[in-house]
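Chains A and B, in that order, give the protein sequences.
Under our numbering, the letters of the first sequence match residues 1 to 171, in that order.
Under our numbering, the letters of the second sequence match residues 172 to 504, in that order.
Among the clues, some could well be false.
[As the list claims (entries may be wrong)] Here are the simulated lysine to any residue pairs, SDA-like style, with alpha carbons at most 25 angstroms apart:
hint	chain 1	residue 1	chain 2	residue 2
1	A	K162	B	E471
2	A	K45	B	L332
3	A	K45	B	K360
4	A	K162	B	E467
5	A	K61	B	I408
6	B	K256	A	E49
7	A	K162	B	K360
8	A	K45	B	E467
9	A	K162	B	V485
10	B	K346	A	T85
11	A	K170	B	K346
12	B	K360	A	K93
13	A	K170	B	R335
14	A	K45	B	D356
15	A	K162	B	P470
16	A	K45	B	R335
17	A	K93	B	P470
18	B	K346	A	L112
19	B	K256	A	I151
[Said to hold, decoys possible] Not everything, but these chain B residues come out facing chain A in the computed CB check (under 7 angstroms):
hint	residue
20	L429
21	A491
22	L493
Source of the hints: derived by calculation from the structure; they are not laboratory data.
For glycine and all other residues, C-beta sits at the position ideal for the given N, C-alpha and C.
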Amino acid sequence: MEAIAAVANGFMDLFRAGSETFIAWVTGIIPLVVIMMTAVNSLIKLIGEDRVNGVAEFATKYTVTRYTILPVLAVIFLCNPMCYTFGRFVEEKNKPAFYDAAVSFVHPVTGLFPHANGGELFVYMGIAAGITQLGLSLGDLAVRYFIVGVIVILIRGIVTDKIYAHMSNKK
Amino acid sequence: MSYKSVTIKAGKGGFGGPLTLVPTDTRNKVVSVTGGGIHPVAAKIAEMTGCPAVDGFSTGVPDNEILVAIVDCGGTARCGVYPKKRIFTVNVLPVGQTGPLARFITEDIYVSAVDASCISFADESAVSKAGTPTNPTSAPKTKAQAKAEIAKMNEGKPKNLATRIGIAIGGVVNKFYAAGRETIDITIKTILPFMAFVSMILGIISASGLGDVIANTISPIASTLPGMLIVSFICAIPFISPVLGPGAVIAQVVGTLLGVQIGLGNIPPQYALPALFAIDAQVGCDFIPVGMSLGEAEPETIELGVPAILYSRVITGPIAVLIAYVFSIGLYS
Chain A
1 MEAIAAVANG
11 FMDLFRAGSE
21 TFIAWVTGII
31 PLVVIMMTAV
41 NSLIKLIGED
51 RVNGVAEFAT
61 KYTVTRYTIL
71 PVLAVIFLCN
81 PMCYTFGRFV
91 EEKNKPAFYD
101 AAVSFVHPVT
111 GLFPHANGGE
121 LFVYMGIAAG
131 ITQLGLSLGD
141 LAVRYFIVGV
151 IVILIRGIVT
161 DKIYAHMSNK
171 K
Chain B
172 MSYKSVTIKA
182 GKGGFGGPLT
192 LVPTDTRNKV
202 VSVTGGGIHP
212 VAAKIAEMTG
222 CPAVDGFSTG
232 VPDNEILVAI
242 VDCGGTARCG
252 VYPKKRIFTV
262 NVLPVGQTGP
272 LARFITEDIY
282 VSAVDASCIS
292 FADESAVSKA
302 GTPTNPTSAP
312 KTKAQAKAEI
322 AKMNEGKPKN
332 LATRIGIAIG
342 GVVNKFYAAG
352 RETIDITIKT
362 ILPFMAFVSM
372 ILGIISASGL
382 GDVIANTISP
392 IASTLPGMLI
402 VSFICAIPFI
412 SPVLGPGAVI
422 AQVVGTLLGV
432 QIGLGNIPPQ
442 YALPALFAID
452 AQVGCDFIPV
462 GMSLGEAEPE
472 TIELGVPAIL
482 YSRVITGPIA
492 VLIAYVFSIG
502 LYS
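Isolated chain B, as found in the complex (with noise of 0.2 angstroms):
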């Protein structure tokens, strides 16, 4: 069977791009990575290249047999682990360089906001100067050969004391600046962005009356026991539960909301705790086949993994909200 060559640019708003994918025979698994299905992204690269679509959770694929992963990461683990891994990434959220792996998300590698309009047919001069993405392994390799050299270098060149305490303490501060640096960055790129949508969204819920609806309806929900058993679980329902997950984004609003009511006194304090479990249920559910790769499981191991995690949380869910429940006696009392 012969494969096709496609390009895909960055659409409206995205960033990367544009990538030139040329499936060969060990590389030519389209794998969706979004929840609920194939995306239908995926199914029009894979339509067009002749390749298979894979629904990356319900079946693992080994990382280099994966053409193209197609994701839809708001920005804070997805977008970047592919990249990550020098698999080219596509993400059909309009999401650039952003969440703790931003440094690996790269042009050469990764391209948001796609819909069906960027995928074209590749032309040949294209083809030829695209290839495979470099090897991962290759550039720590070098790396290591290269301080292996310098190691090489400096035998038999005894350092004295003064010498030795002044490469320990740059060592020291060196890690205490990377470290501010690290922060700043997450801070930057991660929180502002995330505080500032959410307070435009409670701004407007404020200032529009609709905390008064919000008020009347959650409140009541959250402060009893057997509401709290209830949304967590709702939110651990296998199928509700990926797509529930990405980012974190809707347990962080909730999470959020459910603040303002506990600043208000509409909902008694003692009850934070309970509720921090009960509308969490489903974390990381979006994100179970990537995290397991992550892991290094067998495709095997990650094809009955994804369901095994998913009943588990209907089970555990609940509990986890009772576990809370109980350590909340006594809290603020």
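Bound-form chain A, shown alone (with noise of 0.2 angstroms):
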């Protein structure tokens, strides 16, 4: 009899630590997220994705403001997955670099912006807890992952157009 209630106990220690861990983040990072959501969120309504429309055809001119404000811009106001439509702006010869750009931004955008990948974001999150979980600050982690995320979206872009154009080339 005791042997039984020994493995049951044990079963249900199994599941304890896993219900600990939800609770944590239940009240831990989801209230925080909704408002920060919300007020993203409604922030982009009122601006409209007319007036950003402007800024898009702007910003596709120049190789560098084309796989940085661009893809930045469209991840922020469509997020994961519209924010691919920008590439109606871009050239067809840039449009897989724009991709790459696009969807190589929608983890680093979390970090301060969690509205525009929402389903995806423990990426971000699952490596944070244990930073905050050391008592340590997340802004700085948040502030340079979006920096680099930039830099490498950039890298990408010129990259990818590289051997596309390549490839295109040799056919």
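Two chains, two separate frames, one set of hints: put the complex together.
If you want it as structure tokens, here you go:
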């Protein structure tokens, strides 16, 4: 009898550890994320997609802005996965590179703007949870993640452009 | 060549359907957007209908030629993209209305948890009822027409100041409310389920002692620069990256596991930044053809664009880790 009880207790412990993690996440992460997402979502609705379109058309003209400002705006304003529709502002030969830049930004953006990719928060949040546990602040990590993200998408845009150009010439 | 019509119903735990597919001379491509070649379900549908099966990763197909799209989406993005374009969508995974595009996933356009046993030849009554899905442009058009009619009715009626202020405030409040509703939607449909599933896994890992094994194997790799460069390189290998991609589930689980190790002090906190890029070199590699078609790219561009991006990642994946490593100097010290 006691042996069965011990097994049952051990079995419950297996899930008790999980439930503690779940409580910590639901109370620690969700309230802040919900309020931030609501605030940014409202702001985006107030500004409106139309006004962003003008900036987007301008940003496609130069290589540097095409793989920095354009994807960053697209991801923040349209979110994953609709951000890729900004590819329509880009010349045909640059479309693969634009997609590469935009999709590579859907995680670096989540540190500061979690609304932009609410479905895939835990790439950042998972690692960030460890930082919080150590009692360190997240701001520094989030800002650096964002900045490195912008540099990386610029490089990715340029490299993919070159590879695509090379492949289409060959063809 | 004559095509045959088929009916596809949802599998166990699936959602939506049954869909009746009626191929026509133009709309007759079975597009497999699953990564790793033609999915068996796509092959089966192609075989039964007599339509060609197309690998959506290597060949671009114009939207109006797609009879049906086969996806293996875990519920974040891809499962909603084709329904939004009103293209019949078959998901091989048991996923219902979730993700940012959940509102487009409806029973008349989408069916999930499909395996080969769900597909049968359609009987005639179903064929006559079915047809091609309604044109995606028709709905917004009628909306625009309705708007124009209302505008016409309001013409010549000057609004006074109080009315205009009232309308403006109402508009702003409505936008806040809509923002709140969207946020709660995504929290319930996407964030909470993920939390539930990962905390269950984490709980089992920590309570069963598997955690120590992970600590001893992952931590040493993730706390050196060469280790992380290797991880990013592996994630970026062209035939691995599209498989690792879907829903960023793998990156999210690995991120959470690394977070636990950082919290325990097994990995120094400043390595968080390069680690974020190391585990994510494959980001979006599963989504390239869909994402590019959202950007209105031509099928030829998509065809060459997929390998161009996959090759590019082999170079830029490790570079991203290097840059992040440089930027992590001085972080948390």
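A quick look at each hint next to the structure:
Between K162/A and E471/B the alpha-carbon distance is near 17 angstroms, which keeps this suggested pair within the 25 angstroms criterion. Distance check on the hinted pair: K45/A and L332/B sit about 24 angstroms apart at the alpha-carbon level, within 25 angstroms; holds. As the CA atoms of K45/A and K360/B are separated by approximately 21 angstroms, the hinted pair is consistent with the 25 angstroms bound. Restraint check for K162/A and E467/B: the C-alpha separation of about 21 angstroms stays at or below 25 angstroms, so the hint holds.
For a cut-off of 25 angstroms, the pair hint linking K61/A to I408/B is broken: about 32 angstroms separates their Cα positions. With a C-alpha separation of about 20 angstroms, the suggested pair K256/B and E49/A falls inside the 25 angstroms cut-off, and the hint holds. Of the supplied pair hints, the one linking K162/A and K360/B is violated, its CA atoms being roughly 40 angstroms apart against a limit of 25 angstroms. For the suggested pair K45/A and E467/B, the alpha carbons sit about 24 angstroms apart, so the restraint of at most 25 angstroms is met.
With a CA separation close to 14 angstroms, the supplied pair K162/A and V485/B stays within the 25 angstroms bound. With a C-alpha separation of about 23 angstroms, the suggested pairing of K346/B with T85/A holds against the 25 angstroms cut-off. For a cut-off of 25 angstroms, the pair hint linking K170/A to K346/B is broken: about 50 angstroms separates their Cα positions. Taking the CA atoms of K360/B and K93/A, the gap is about 37 angstroms. The hint is violated against a cut of 25 angstroms.
A threshold of 25 angstroms between alpha carbons decides the hint, and for K170/A with R335/B the separation of about 61 angstroms lies outside it, so the pair is violated. Distance hint between K45/A and D356/B is fulfilled; the C-alpha atoms sit about 17 angstroms from each other, no more than 25 angstroms. Of the supplied pair hints, the one linking K162/A and P470/B holds, its CA atoms being roughly 19 angstroms apart against a limit of 25 angstroms. Straight-line distance between C-alpha atoms of K45/A and R335/B comes to about 19 angstroms, which keeps the hinted pair within the 25 angstroms bound.
About 12 angstroms separates the Cα atoms of K93/A and P470/B, which keeps this hinted pair within 25 angstroms; it holds. Pair hint K346/B plus L112/A holds up; C-alpha atoms about 22 angstroms apart against a cutoff of 25 angstroms. Annotation: proposed proximity of K256/B to I151/A is violated, straight-line Cα distance about 33 angstroms (limit 25 angstroms). With 7 angstroms as the threshold, the beta carbon of L429/B comes within range of chain A, its nearest partner Cβ sitting at about 6 angstroms, so the hint holds.
Nearest Cβ of chain A to the Cβ of A491/B: about 4 angstroms, under the 7 angstroms cut. The hint holds. At a threshold of 7 angstroms, the smallest CB-CB gap from L493/B to chain A is about 10 angstroms, leaving the interface hint violated.
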